[in-house]
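Turn these sequences into a full structure, and let the hints guide you.
Residue numbers (our numbering), protein chains in the order written: chain A, 1323 to 1784; chain B, 4 to 228; chain C, 800 to 1100.
By construction, these hints were calculated from the structure, which means they are not laboratory data. One thing to keep in mind: the hints can contain errors.
[What the hints assert, rightly or not] Okay, the calculated bits of chain C under chain A, using three or more residues with CB under 8 Å as the criterion:
1. 852-863
2. 890-897
[What the hints assert, rightly or not] Cross-link-like lysine to aspartate or glutamate pairs, in silico, EDC-like; alpha carbons within 20 Å at most:
3. A:1372 <-> B:36
4. A:1351 <-> C:861
5. A:1379 <-> B:150
6. A:1426 <-> A:1362
7. A:1525 <-> A:1580
8. C:968 <-> A:1511
9. A:1540 <-> A:1499
Just so it is clear, CB atoms sit at the ideal spot from N, CA and C, and this is done for glycine as well.
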Amino acid sequence: MPEGQFCNKRPVNTDEELKALLGDTGGQKYYQEMKALEVDTALLWSTIQKTMKSRIKTWLSICAHCGMCADSCFIYRVSNRNPKQVPAYKIQSTLGEIVRRKGKVDNAFMHMAMETAWAKCTCCNRCGMYCPHGIDMGVMFGYLRGLLYQQGFVPWEMKIGAGMHRVYRAQMDVPNEEFVDTFQWMVEENQEEYPRLEVPVDKEGADILYTVNAREVKHYPEDLAEAAILFHIAGEDWTVTSEGWELTSLAMFAGDWEACKMQVTSVYGAMERLKPKRMVGTECGHAHRATVVEGPYWAGRKDGQTPVPSIHYVEWLAEALRTGKLKIDPEKRIKVPVTIQDSCNYIRNHGLKEVTREIISYIVEPGYFRDMSPNREHNYCCGGGGGFNGIGLYRRQRNEALKTKRDQILATGAELVLAPCHNCWDAIRDLIEEYEVPVKWSFLKPLILKMAVVPEHLKPRE
Amino acid sequence: MYAFLTGPMFWLSLAVFIAGLFWRAVWYARGLDWQLDRVAYRAWPKEGARGAVRSVFRWLVPFGTRGWRVQPFMTVVFFLFHAGAVLAPVFLLAHNVFLESKLGVSLPALPRFLADALALLAVIAGLLLALRRVALPEVRILTDWRDGLVLALSLAPFITGLLARFQAGDYQFWLLAHIISGEAFLIAAPFTKLSHIVLFFMSRAQLGMDYGIKRGGMKGKGMAW
Amino acid sequence: MFKNILFATSATEASDHAARVAFNLARQYGAAVTVFHVLGVPTRGYSQVVVDVRTKESVQVDDEYRAWVVEEIKNQHGGEMKKAPQAVVEVCVGYPHREILRAVREKKPDLVVMGGTTGGDSVYKKALAGTTLQKVAKAAPCPVLAVAREAASFWGGFSSIVFGADFSKASDAAFDFSLKMAREAQCELHLFHAVDVGATLMGKIMDQDTIEGQIRESLNRIRGRYVAKMGDFKNYTMEVWEGIPSIEIVKFARERNADLIVMAHHARQADLEDSPMGSTMEQVIMRAGCPVISVNRLPKA
Chain A
1323 MPEGQFCNKR PVNTDEELKA LLGDTGGQKY YQEMKALEVD TALLWSTIQK
1373 TMKSRIKTWL SICAHCGMCA DSCFIYRVSN RNPKQVPAYK IQSTLGEIVR
1423 RKGKVDNAFM HMAMETAWAK CTCCNRCGMY CPHGIDMGVM FGYLRGLLYQ
1473 QGFVPWEMKI GAGMHRVYRA QMDVPNEEFV DTFQWMVEEN QEEYPRLEVP
1523 VDKEGADILY TVNAREVKHY PEDLAEAAIL FHIAGEDWTV TSEGWELTSL
1573 AMFAGDWEAC KMQVTSVYGA MERLKPKRMV GTECGHAHRA TVVEGPYWAG
1623 RKDGQTPVPS IHYVEWLAEA LRTGKLKIDP EKRIKVPVTI QDSCNYIRNH
1673 GLKEVTREII SYIVEPGYFR DMSPNREHNY CCGGGGGFNG IGLYRRQRNE
1723 ALKTKRDQIL ATGAELVLAP CHNCWDAIRD LIEEYEVPVK WSFLKPLILK
1773 MAVVPEHLKP RE
Chain B
4 MYAFLTGPMF WLSLAVFIAG LFWRAVWYAR GLDWQLDRVA YRAWPKEGAR
54 GAVRSVFRWL VPFGTRGWRV QPFMTVVFFL FHAGAVLAPV FLLAHNVFLE
104 SKLGVSLPAL PRFLADALAL LAVIAGLLLA LRRVALPEVR ILTDWRDGLV
154 LALSLAPFIT GLLARFQAGD YQFWLLAHII SGEAFLIAAP FTKLSHIVLF
204 FMSRAQLGMD YGIKRGGMKG KGMAW
Chain C
800 MFKNILFATS ATEASDHAAR VAFNLARQYG AAVTVFHVLG VPTRGYSQVV
850 VDVRTKESVQ VDDEYRAWVV EEIKNQHGGE MKKAPQAVVE VCVGYPHREI
900 LRAVREKKPD LVVMGGTTGG DSVYKKALAG TTLQKVAKAA PCPVLAVARE
950 AASFWGGFSS IVFGADFSKA SDAAFDFSLK MAREAQCELH LFHAVDVGAT
1000 LMGKIMDQDT IEGQIRESLN RIRGRYVAKM GDFKNYTMEV WEGIPSIEIV
1050 KFARERNADL IVMAHHARQA DLEDSPMGST MEQVIMRAGC PVISVNRLPK
1100 A
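Laid out in structure tokens, this is it:
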């Protein structure tokens, strides 16, 4: 049975395998091997029989082929209304076809399905809101990704990402010690300005357990510093954990459900060990969806809830501003036209559409906020969701997909885009570069930090 | 012939229709899996029910959702078609006279003019839906022969019924054709996409529960899906 | 004085002058040198694509690519690197200021040497306010020496050091460092302060009595705050001028034939973004005819 050295049906479980896979620059050999990868049709069909229940079966069979989902899909709109980009067509021609053929599909078919699942759908779940029958094609693409992952037909970066979670319980090769050390470093770097700033590690019973995105630790630890400072000036009783600190899940994008479970149970383990009153996660959309919304199900928690109540950073921020824990200097409010990117993963998947507007009411000078159209639960994906941002193979398609957001932003006339989601932040950065769009963009933390009033007793004594 | 069609065949088709659709609904509900669907149905019955009801209700109201509002042509045609398809057969005087003779019970009947208009509009809307399938590339690519068959099965009783009603040509012929096509519809319903007669409610309710329980329904303001 | 120098290079001509100073210092003090280069900025979320800071191209970084960049650096600074044959070249991926600071934290050098600002078109600039130099100078625990002009790099040792005072806590650390250097090199130390009559007053014109009053007051502060700490060190002068501080320091340094300017750079993060021309320190670096060392904090005991 042709299985490649890199491209095969085995997940990456060790650091050595991970390094070897990373060493295959750009996944050249990986994709070469994929061309010869055999489809285990028996496994495919038995998996479907075990995991495809009435919901997805019914979705596939009662689709009325009415095409009302077409216009809901930003990728369809941005590809000159190519009928092959209609969500119903995309899922029927992939998952639907696999089911109709009882799993008997070949290598070429799986290549097509892989491209459809990762380059034609970002799992933004928007189409599901426009189907009269309530067919959520984003959910089905998530399911399809799982089937493709099991068969080894998964983009190189996604296999690496899932492997990172398996080996490090983080989306990048950041060991636990490095996380704690980096957080402490950031705190030290800011202790001159905030003399009593500290990062409590593994403190039991704190009000807040803060979890992050490994990318922050690796590349922009300023984000950790900003989070620490904001908790500090808000007077919060907070902590981080030395294990289970990663909120994100590239495994979810990859369709590696086993790794998804490993990842979230590490975070839930920290919750159970430290018993915080609640968890606050960083400004990341998919991470919130993975750990807070989907995670409990992967971990087998029957109430669908995390062990302690868990909220997104925007919820904490809105609350801190509402209750006056954080005070904004009215002079420093944003006074340029500004818009906000609504992240699919915490709005269409967790309903957090009003809290971000509430934050805006505190930090933007009245009259300067310009909402995108459409917005809230009807907003379009940033163009890079669901793993799209990270896949080199589909860079061209991704850049095309960014045009939707570009045009939406330009239509607002905003000079600044707030993006409280790592994926959106990345996509907006890329579209600014790719299409030379003259706007700035930012997470909320650095902006809030600039306008927040620091209580007298926390200021340095000169 | 007439006796057979309105006798054993009527009972058979009605039984297949009801039992078949009932079975599909039961099969659907039994197949829901909290972990695979990732919706904690049992843990949050109240939130789930609220989401389900909202979801079904909003989609039953013309222009009740953004999905309907952004496609006004489709919405008008769709609701005309379904209004005719549901109201005309169920509340038609002739049908209820027939039912009375069979079951001894009947439903209130629509005024003749209204029933005619509904039926006629349903036919026109059905033809527009067929036209839409052919004319719009994004619908054409999805369409296969089954979609044509389902539409034909739905329209045939209306067309034959109207021809019989207005006595165009041979009344007996059109009446028999009407009964046959009507019974074909009833029998086909559980086995084709016509099963959406019940599965629409099931599927919508499921997504409503998904949103009501998991995807933000408990975060305050619900969204209409 | 210097045993362990971290030379952070952009691996372009912009760092050539800094290279000359770094390796001259290394030779003079027998210091070990790490040539440190952040070759690319990570991009595209979790993709493996990196934008090369020199070529501005998207590349996949693997061992081969790293080796190639190391060779490129050796070509760029080859002539200077001969002065310290043991110098090590290290390359990595990340946001330059952060990776330089990370390396400083690991290697604990007693001096970081950097070139001038590479300009506004750099690939990572847009993501972050302020320049790499500003950010490194702000947060580094050790002194940071910067050379932006060729004219500032022809330099053979210390005979005249200018300390630009601003009476802040950071400035106290810069003073300690200046004094230590001056003692060690047995050279002149010039204590200097400029009364700002320019930009920060928003066009308001100060009358001459006020200016002169401030000059007298500043001289007193220099005496009280710095001279008092100098003990037996007598080879010093002090001077207070009025004008735009960055320009006045450069003028003063030229007049005293200074071969080193020492000052504090303690801008807050928020300030970085609001001053498009850069901080006073960066202005000085851009204009000075000698290297400039930024010192913000006393070495940790």
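### Task
Could you check the structure against the hints above and give me the numbers of any it violates, in ascending order?
Of the numbered hints given earlier, the structure breaks just one, which is hint 7.
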